[in-house]
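Residue numbers (the working numbering), protein chains in the order written: chain X, 434 to 761; chain U, 434 to 761.
These are calculated hints, taken from the structure and not from any lab test. There's no promise every hint is true.
[To be verified] With a straight-line cut-off of 25 Å between C-alpha atoms, the simulated PhoX-like cross-links for lysine-lysine are:
1. Lys696(X) / Lys600(U)
2. Lys437(U) / Lys751(X)
3. Lys495(U) / Lys437(U)
4. Lys696(X) / Lys515(X)
5. Lys734(X) / Lys734(U)
6. Lys734(X) / Lys495(U)
[Said to hold, decoys possible] Not the full set, but computed from the structure, chain X residues with beta-carbon under 7 Å of chain U:
7. Leu478
8. Val481
9. Val484
10. Pro558
11. Ile571
12. Met654
13. Asn656
14. Tyr657
15. Ala659
16. Lys699
17. His700
18. Thr739
19. Asp742
20. Arg757
For clarity, every value in this text was computed on a predicted model and none was experimentally measured. C-beta atoms are modelled at their ideal positions from N, C-alpha and C, and glycine is treated no differently.
2 protein chains.
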Amino acid sequence: MSIKIGIFGYGNLGRGVEYAVEANPDMELAAVFTRRDPSQVKIRLAGVPVVSAADVAQWKDKIDVMILCGGSATDLPEQTPKLAELFNVVDSFDTHANIPQHFDAVDAAAKKGGKAAIISVGWDPGMFSLARLYGNVILTEGKDYTFWGKGVSQGHSDAIRRIKGVKNAKQYTVPVESALEAVRSGSQPELTTRQKHTRECYVVLEDGADAAQVEKEIKTMPNYFADYDTTVHFISEEELLKNHGGLAHGGFVIRSGATGNNKEHKHVIEFSLKLDSNPEFTTSVLAAYARAVVRLAKHGKKGCMTVLDVPPAYLSPKTGEELRASLV
Amino acid sequence: MSIKIGIFGYGNLGRGVEYAVEANPDMELAAVFTRRDPSQVKIRLAGVPVVSAADVAQWKDKIDVMILCGGSATDLPEQTPKLAELFNVVDSFDTHANIPQHFDAVDAAAKKGGKAAIISVGWDPGMFSLARLYGNVILTEGKDYTFWGKGVSQGHSDAIRRIKGVKNAKQYTVPVESALEAVRSGSQPELTTRQKHTRECYVVLEDGADAAQVEKEIKTMPNYFADYDTTVHFISEEELLKNHGGLAHGGFVIRSGATGNNKEHKHVIEFSLKLDSNPEFTTSVLAAYARAVVRLAKHGKKGCMTVLDVPPAYLSPKTGEELRASLV
């Protein structure tokens, strides 16, 4: 019997889950929930109801797992605990500093409702969290490195857009190749913020704006740019839309450590991602953890988990026997 | 309270576990078991008893987990089931084709004794199995690639040594860089055996041996070398011992897949290892899974598992709270 998936929120992530459900033959999309007027929301899959978020409780027994597709800033802190009382849920909450408090809120709600939840699913947090954990437990004496990019940082793009005279902007975070090579060598370098990433900005000016002033304001902006080597390119709006509309991203988690007599043997573990679509990859991970949370709930699990708590085999539709014969 | 570790077999792997126990402050080495005369086995850590394998049953209540350090060909198929009836165990059984039957034998024994076991722990099988699983469940429509090396293949070195006129030999498996690059591009190439790896052989001849004949026998050997581009270097025994005595290894697991509208978005997940010491890395993984099996046994788990069945958080000495605050 198929796993009945609900999508809560139909933006980039919601559309990505819709594709992911199609890519997993054991899943079916039961309904899409929206805070907008449902009659105004066109989804891709035919025959799937679009329902007002206000009516979600009526679907309590018709959905095996709800995949939350809202943002981490304001949507998920409110929505995930609320829905975890009614449904098994997965979300992609990615504000690292607030994961502990989000976990506690979802845990309390899920336990109250007798449901299971997995939060912070995606690539970072998510697959990168797993890479950090496996790296740390194997090479107990070592050093962690996480590099992001090349990819668009939404927060940094927004920060540029708030500058007076800027009409539109995209900011790429780019890992420094020589820093990556130094880390891969096993030498465990100490790297400053500036040495790890550069920032590339593509900026469309308002008519009559002062380019030199905008560039100076970007490059000296504390936290966002001042600690980085930043390049600013002024381009036309057409060029921005044509060449910088993509959602590609990626990154690297590297654990470098040593073992043996006087730590004579160096080892480097590297996990990397190169993604054409950040949201579609995130939702592909969400779909796999949606399967896992349903199975864990069936086995009596209640309360909140992260990717670290989920036995990998629960992610796969294959049996343990099939996995041992084909994958181990 | 420390986890009391037993080492069963004191070769390269046993010595590696000894280092790994030192690198994990929550572990202590309780005893080393050997089939040799214990008085003839010098171990590195002072004050740890070396015990005859014949007396292992007397240690039933003094050891939390036994780490088996024998070989996959003849030792582990016999030893792991036997010991799994008495102890929680982990092993590094790596004959892929026989994992299902080894699993069943260990599972039956562990259930009989009320113990927990994790088999096939290491890097392949082990960390590479995990990389394959995570890659497959996320990018459900895609292709898997595993590359090994650069590193010494024991089986291929042995095959060369059996040729008449060969005194000693080492064989390196080397991944083809252009094949790796093609896979990383996301183009999902079909690769033949010859296109993925080359084989480099360092050979010491007996006095008076026919070099041309030996080279021909190597390069035409079915299964081992005939399907590969093979290079043969004749060197002196001194050079072999000086430059080719290491145990470095490594490899790459790459999952390439696509998502979205007409599969327009490509994604590449890569996991790679660069290891100065194959056995010391393997035993570092074994130590982490030894911790996990003890904790799983405490929570009532009985029977056999692989790395796919172990929730990652069980590998770490940190609490869930600590992990969520620092690693997720």
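Consistency of the hints with the structure:
Under the criterion of a C-alpha separation no larger than 25 Å, the hint pairing Lys696(X) with Lys600(U) is inconsistent with the structure, at around 33 Å. The hinted pair formed by Lys437(U) and Lys751(X) fails the criterion: a straight-line CA distance of about 35 Å is larger than 25 Å. For the hint linking Lys495(U) to Lys437(U), the alpha-carbon distance of about 7 Å falls within 25 Å, and the restraint holds. Only pairs whose Cα atoms come within 25 Å are accepted, and Lys696(X) paired with Lys515(X) is rejected, the gap being roughly 50 Å.
For the hint linking Lys734(X) to Lys734(U), the alpha-carbon distance of about 15 Å falls within 25 Å, and the restraint holds. Of the pairs offered as hints, the one joining Lys734(X) and Lys495(U) is violated, with about 33 Å between alpha carbons and a cut-off of 25 Å exceeded. Because the beta carbon of Leu478(X) sits about 12 Å from the nearest beta carbon in chain U, more than 7 Å, this interface hint is broken. Below 7 Å, beta-carbon pairs count as interface contacts, and Val481(X) has none with chain U, the closest being about 17 Å; its hint is therefore violated.
Interface restraint check: Val484(X) against chain U, minimum CB-CB distance 24 Å, threshold 7 Å, status violated. Hint on Pro558(X) holds. Least Cβ distance to chain U is approximately 5 Å, under the 7 Å limit. Because the beta carbon of Ile571(X) sits about 5 Å from the nearest beta carbon in chain U, less than 7 Å, this interface hint is met. Taking 7 Å as the C-beta contact cut-off toward chain U, the hint placing Met654(X) at the interface is violated, the least distance being around 28 Å.
For Asn656(X), the shortest C-beta to C-beta distance to chain U is roughly 22 Å, which exceeds 7 Å, and the interface hint is violated. Among the interface hints, the one on Tyr657(X) is violated; its C-beta lies about 24 Å from the nearest C-beta in chain U, farther than the 7 Å criterion. Checking Ala659(X) against chain U: minimum C-beta separation of about 27 Å lies over 7 Å; hint violated. Restraint check, Lys699(X) versus chain U: the minimum CB separation of about 5 Å is within 7 Å; hint holds.
This hint holds: His700(X) has a C-beta 5 Å from the nearest C-beta of chain U, less than the 7 Å allowed. The interface hint given for Thr739(X) is met, as the beta carbon of that residue sits about 5 Å from the closest beta carbon of chain U, less than 7 Å. The interface hint given for Asp742(X) is met, as the beta carbon of that residue sits about 5 Å from the closest beta carbon of chain U, less than 7 Å. Residue-level restraint check for Arg757(X) holds (minimum Cβ-Cβ distance to chain U is 5 Å; threshold 7 Å).
In this structure, the hints that do not hold are numbers 1, 2, 4, 6, 7, 8, 9, 12, 13, 14 and 15, in rising order.
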